[in-house]
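Participant: Spelled out, the chains give:
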Amino acid sequence: MSGAWVLQVAAPLRLTFWVLAVAGAWVVFMMALVVARHVEWARAARHRARVQAELGPVFARFLESDDHARLAEELRPAFLRMNAAERPVAAVLVTELMGDVSPWQKEQLRSTFEQSGIVELGERGTRRRSPWRRALACEMLGKIGTSRSVPVLLARLDDRRPEVRMAAVRALGDIRSPDAVPALSAAFLEGRTAPTNVVGDAMRRISGEAVGPTFERGVALPDPIIRIAACFGLGATAGTHGAAVHRLAEVLASDSDPRVRSAAASALGLAGGGDAPAALIAATADSDDRVRRSAVKALGRFDDPTSTDALDERTEDEDREVAIRSAEALHALAKRPRAGEAARARLESSSAWAVDYARTIAEVSA
Amino acid sequence: MIAALQYISYGILVFFLVYCVATVTLLALSVREISWYARGQQPTRTRPGGLAHQASVTLVAPAYNEETLIVQSAKAFLASDYESLEVIIANDGSRDETFARLDEAFDLVQLPLRGRTALPTAPIRGFYISRVDPRLRVVDKENGGRSDAINAGISLARSELVVITDADSLLEPEAIRRAVRPFEIHPDTCMAVGGDIRVANGSKIVGGQVVTPAVSTRGIGATQVLEYLRGFLGTRIAWSELNGMLIVSGAFGVFRRDAVVALGGLSEQTLGEDMELTMRIHHLLRPEWREARVEFAPDAVCWTEAPGTMAGLRSQRVRWHAGLLDNLRIHWRMLGRPRFGAAGTVAMPYIVLFEAAEPLVEVLGFAIVITLIAVNAVNWTYLAAFFLVAVVTSQVLNATALLIEEIGFRRYRWQDLALLAGWGLVEALWFRPALAWWRLKATLLALSGRRPGWGTIPRGAGILEQPTTVVAPLNR
Numbered sequence: 001m002s003g004a005w006v007l008q009v010a011a012p013l014r015l016t017f018w019v020l021a022v023a024g025a026w027v028v029f030m031m032a033l034v035v036a037r038h039v040e041w042a043r044a045a046r047h048r049a050r051v052q053a054e055l056g057p058v059f060a061r062f063l064e065s066d067d068h069a070r071l072a073e074e075l076r077p078a079f080l081r082m083n084a085a086e087r088p089v090a091a092v093l094v095t096e097l098m099g100d101v102s103p104w105q106k107e108q109l110r111s112t113f114e115q116s117g118i119v120e121l122g123e124r125g126t127r128r129r130s131p132w133r134r135a136l137a138c139e140m141l142g143k144i145g146t147s148r149s150v151p152v153l154l155a156r157l158d159d160r161r162p163e164v165r166m167a168a169v170r171a172l173g174d175i176r177s178p179d180a181v182p183a184l185s186a187a188f189l190e191g192r193t194a195p196t197n198v199v200g201d202a203m204r205r206i207s208g209e210a211v212g213p214t215f216e217r218g219v220a221l222p223d224p225i226i227r228i229a230a231c232f233g234l235g236a237t238a239g240t241h242g243a244a245v246h247r248l249a250e251v252l253a254s255d256s257d258p259r260v261r262s263a264a265a266s267a268l269g270l271a272g273g274g275d276a277p278a279a280l281i282a283a284t285a286d287s288d289d290r291v292r293r294s295a296v297k298a299l300g301r302f303d304d305p306t307s308t309d310a311l312d313e314r315t316e317d318e319d320r321e322v323a324i325r326s327a328e329a330l331h332a333l334a335k336r337p338r339a340g341e342a343a344r345a346r347l348e349s350s351s352a353w354a355v356d357y358a359r360t361i362a363e364v365s366a
Numbered sequence: 367m368i369a370a371l372q373y374i375s376y377g378i379l380v381f382f383l384v385y386c387v388a389t390v391t392l393l394a395l396s397v398r399e400i401s402w403y404a405r406g407q408q409p410t411r412t413r414p415g416g417l418a419h420q421a422s423v424t425l426v427a428p429a430y431n432e433e434t435l436i437v438q439s440a441k442a443f444l445a446s447d448y449e450s451l452e453v454i455i456a457n458d459g460s461r462d463e464t465f466a467r468l469d470e471a472f473d474l475v476q477l478p479l480r481g482r483t484a485l486p487t488a489p490i491r492g493f494y495i496s497r498v499d500p501r502l503r504v505v506d507k508e509n510g511g512r513s514d515a516i517n518a519g520i521s522l523a524r525s526e527l528v529v530i531t532d533a534d535s536l537l538e539p540e541a542i543r544r545a546v547r548p549f550e551i552h553p554d555t556c557m558a559v560g561g562d563i564r565v566a567n568g569s570k571i572v573g574g575q576v577v578t579p580a581v582s583t584r585g586i587g588a589t590q591v592l593e594y595l596r597g598f599l600g601t602r603i604a605w606s607e608l609n610g611m612l613i614v615s616g617a618f619g620v621f622r623r624d625a626v627v628a629l630g631g632l633s634e635q636t637l638g639e640d641m642e643l644t645m646r647i648h649h650l651l652r653p654e655w656r657e658a659r660v661e662f663a664p665d666a667v668c669w670t671e672a673p674g675t676m677a678g679l680r681s682q683r684v685r686w687h688a689g690l691l692d693n694l695r696i697h698w699r700m701l702g703r704p705r706f707g708a709a710g711t712v713a714m715p716y717i718v719l720f721e722a723a724e725p726l727v728e729v730l731g732f733a734i735v736i737t738l739i740a741v742n743a744v745n746w747t748y749l750a751a752f753f754l755v756a757v758v759t760s761q762v763l764n765a766t767a768l769l770i771e772e773i774g775f776r777r778y779r780w781q782d783l784a785l786l787a788g789w790g791l792v793e794a795l796w797f798r799p800a801l802a803w804w805r806l807k808a809t810l811l812a813l814s815g816r817r818p819g820w821g822t823i824p825r826g827a828g829i830l831e832q833p834t835t836v837v838a839p840l841n842r
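Which chain is which? The protein sequence lines are A and B, in order. Be aware that the first sequence starts at 1, since it is given in my numbering, and climbs by one per residue. Be aware that the second sequence starts at 367, since it is given in my numbering, and climbs by one per residue.
There's no promise every hint is true.
[What the hints assert, rightly or not] So, partial list: chain A residues that the calculated Cβ filter (under 10 angstroms) puts toward chain B:
| # | residue |
| --- | --- |
| 1 | Gly24 |
| 2 | Met31 |
| 3 | Leu221 |
| 4 | Ile225 |
| 5 | Arg325 |
| 6 | Ala352 |
Hints listed in this document are in silico derivations from the structure and should not be mistaken for laboratory results. Here a beta-carbon is modelled for each residue, glycine too, at the ideal position from N, C-alpha and C.
Extracted from the complex, chain A is given alone in its bound form (with noise of 0.2 angstroms):
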């Protein structure tokens, strides 16, 4: 084509022949890596089933008997029968056995796990070179959940892969070891290791009192997305720590950003109790669309009598979203004891459409 001359000023240097050469031997290289492919899928399926032959009628007699001594005794050998491809495989199935289980036959299972040295051959697999078996490790460490791994697993916060440092993270969150809490607070205030709200969940399952001041360090900080993770976070920690409500009341009446007032809103709606309807009955007046809608959603969870009067004014408010949000609420509060009486007053007076809306949407779905 175009390239005529070029070749044919090329060609006392061979260019053409060597372009050909490695494009062709590139194409058959990728080519070859397709068979290879194909041919290991089939490998693993095979691995898998094997896998599942050897370890599932073992999960199956523990499941029945409850018998740990003897699970002890038969998984480890099983474990170090298996080659490079069968382990992870094995973890998977010890992951998902972990999330199948009652609470008393995970706490046996892990001491299981631990004496029969697959805790060891977890954390021995978060060095592995490769970025996926450490997270896949990290992963299995955190469904076993046993907390001499949480050293191991901190050591993972640093890890090159972002991948690998967000599963070592989630495992924290799932041994819930206040040991973690210091390494986590750091993470997530200054939001690097992994994503913040990954962090803030991590943390929010640990909880405890530990947790609480993180948060509230976290509402105050300028990074918008920190803050929006830390009143999620105040509001999940309500129950154990006492002054999240009403934190999560200042910053809902005063934080610039209208996409942490909303967050703020929402939060209150899970914390619940304390300062937390009057706050939002007073975000129903707000100048943005997202904390209005944020906050009438949020009453509708309480059982606040004084919240009728609010959420009816907001069934015409111009925001088609806050004026049925306000009247799904107000149908939500007219099955409360309190509330109750007042909702239904309200509804039954109320000729504003969202409140038809509400009402059809209700009758429909029942």
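With chain A fixed as given, assemble chain B onto it according to the hints.
Facilitator: Same frame as chain A, but now just chain B:
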């Protein structure tokens, strides 16, 4: 004259080499990412997201004269395994029995329709909920085009996320759940996620679902399968990793509803409204909100019937290229600007060079060859060698795309892979020249201020005057 042609040939060779290097780099990045993706995604495992609360999703599908398939499509959408799902079919003033078929099958009840809708649209005649499945809503409106119908659906949607698709798209039941995953990982920054669009020609389809993926034996179908694999798996994975995705396909994309509303909805001023919306997200949100992301979910699959004739393909590609040029014209200010991240500094130059300008270069190359033949100045041996080099390097791209498919998904059988490899060998002889010619036609139409089947080009820049309000956080 011969000397001038020689210099142009130099330029074309450099262009060709830069294209190969850039595309192979993207493919290599995609291979790396898909390896990770496949490993972390054993079919039996669920990967926990960051949200305890499942984000609510509304699927919006515009329908115009779709009476034959609309009921089956609605049922297929409702068969999704996503729990918190609402489906809105927007009947865009169909002249056939589309609305009547829906009413008959789903027993529709009218909902009150007052209050300010979020986006301006053609008049809405009614909004309905189904007694058979209350997750289904139907908007009946006057005709206003695809974008307008989708905007009506988005206006009446009540969820945090909206899935935009077509009435004839075949979504896999788990597609929405998989496409929502990036929002769970980045609930405050992820604005949109594109799904993987695959060509259904040749596959076995039952009840609106692809049950046995296969490749059509016809060249036009098989070559488009290969083309989609290259485009979606080959490069979009890499663009997503770089946060430089400039297009979320209109056949299947998930967006933050409040972001779309804040940006003014889908534009009616371009033929490539899906790409335009994605570019607008980068253009308007990223300068002030650098973390805003557009992602790609390669395992969230939507099947679509590709054109089965050259005439159909020509019409589609002329339209697509005209849309691309529209969007580049509207968003040219992003070109090379670091404030838009990789979308401005890497993706825009790539698209301008290798998608917008490529047909000009390609057709120029063919013209030079013809001229050299005409003046009897061509060296046939070297011409054949250069053509061979072009074919082999395009095979590099094809083979890598097939590798990505095999690493991540393994949807196709041996015979399908062989068929794809075979048609890939000859696509440079018939498919690529045809594409180049059609795209050149679209370029000439655009340069003369016209567009295929739609009169003159509207001004377009008005859509950038939308307020750039930021979106609310996703609930957890």
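Participant: For every hint, state whether the structure bears it out.
Facilitator: Results of checking the hints against the structure:
For the restraint placing Gly24(A) at the interface with chain B, the shortest Cβ-Cβ distance is roughly 5 angstroms, inside the 10 angstroms limit, so the hint holds. Taking 10 angstroms as the C-beta cut-off, the interface hint given for Met31(A) holds, the closest approach to chain B being about 5 angstroms. Hint status for Leu221(A): violated, given a least beta-carbon distance of 14 angstroms to chain B, over 10 angstroms. Of the supplied interface hints, the one on Ile225(A) holds, with its beta-carbon coming within about 5 angstroms of a beta-carbon of chain B, less than 10 angstroms.
Taken as an interface hint, Arg325(A) checks out: its beta carbon lies about 9 angstroms from the nearest beta carbon of chain B, inside 10 angstroms. Annotation: Ala352(A) was flagged as interfacial toward chain B, and the flag holds, the nearest CB pair being 9 angstroms apart, inside 10 angstroms.
Hint compliance for this structure: hint 3 alone is broken.
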